[in-house]
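Peer 1: Protein sequence lines correspond, in order, to chains W and S. Residue numbering for the first sequence follows numbering that gives the first Met the number 0, starting at 0 and increasing by one per position. Residue numbering for the second sequence follows numbering that gives the first Met the number 0, starting at 0 and increasing by one per position.
No lab work stands behind these hints: they were computed from the structure. Be aware that one or more of the hints could be misleading.
Stated by the list, open to error - Taking lysine-lysine pairs in the BS3-like style, the calculated list, with each CA pair at most 25 Å apart, reads:
1) K31(S) - K113(W)
2) K96(S) - K50(W)
3) K50(W) - K58(S)
Said to hold, decoys possible - Among chain S residues calculated to face chain W with C-beta under 8 Å, some are:
4) L106
5) I107
6) A138
7) C231
Glycine included, C-beta positions come from ideal geometry on N, C-alpha and C.
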Amino acid sequence: MKIYGVAILSFCYLAGQILGDLLGLGFAFEGNIGGVAFGMLFLILVGDHFKSKGYLDQEAESGILFWSNMYIPVVVAMSSIQNVKVAIGSGFTAVLVGIVSTLFCFTLIPLISKLHKQEEKSM
Amino acid sequence: MEKIVEGLIKNNLIVAFLTVGIVMYISFWISKIGTRGKIPGAAIAITIGLVLAYFGGEKGIASLSLFSGMAVLGGNMLRDFSIVSTAMGASITQIKKAGWIGFLSLLIGISAAFFSGAILAYLMGYNDIKSIVTIGAGACTFIVGPVTGNAIGADSDVIAISIAIGVVKSVLVTLLTPIIAKKIGLNNPTTAMVYGGIIGTTSGVAAGLAATDPKLVPYGALTATFYTGLACLLCPSVLFYIIKIVF
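Only chain W is shown next, with the shape it has when bound in the complex (with noise of 0.2 Å):
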């Protein structure tokens, strides 16, 4: 049944949550760290286990995958509730900061490509 999945999905959202809730206390942080992350984190463990052991057919998994699909239509929600009459003002800030912080990332790929065949030559 795709609700399993939806309920597995849920418990690990849940967990990710209450465990980003308790490290802002632990921080003395008003906010949730890494909420999202641990969710995702417990949801590949989960899943892992609960795949290997059978107990997540392709059913319970099509309840998940659903939510996964729904992501862009929910960042589209997400961008139309914002306050964007105030922002437009800015437009050229976000334009400038897009363009340069990717060209300067553009920049290490290969960098790093470069000191992973070095240090593949080494071993």
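Knowing the structure of chain W, use the given hints to seat chain S on it.
Peer 2: Relative to chain W, chain S alone:
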């Protein structure tokens, strides 16, 4: 007429499903026909989302009661829930395949995007920590910006800017990858994994690699999958504290 609108407002979440569905359809149609698939439909859809927000108020289009359901569909809860679900594709054997080089690229890629964004934000005149961190996070991907901004309590207009930065990055990555693939040696699985880890914006990475060499897509997508999760962990915590200390 009034009765109809009233009925629609009562069913606001369903109106949101319909609205986003129409936006997605139009965006993928523009992507396919207007740009011959060169610009990802997802990037166009998010841009249309931001344009819609312009016609609303403080809460974007959700300020209009007819579209108030957008605040539920695009709110923190469903957003984080759907992000977590994207981890389903990954398995532990895959993580091992990416190895230390994948992890190193992720760390360097996230830090490089974050700090270059944060420094630029500072140079452009932002001098409160929350805005600088949110803009730095936006330079990672269009999702890391809002997740970080919400976690540290940044203003909605700064969050909107961070989404726009992520969209610019996604489009730029898609367009530039085939052009500079040769220059950066992007013709083997290892470099593709490094590329996915450094660039991170999944829609851009997948579309860019598909236009370069479709065989490389799974390698780039493998590391890119972990980028958003790791960046959502690092930006509001470690990287936030580094900025706080520097200030």
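Peer 1: Checking each numbered hint in turn, tell me which of them this model violates, lowest number first.
Peer 2: 1, 3 and 4
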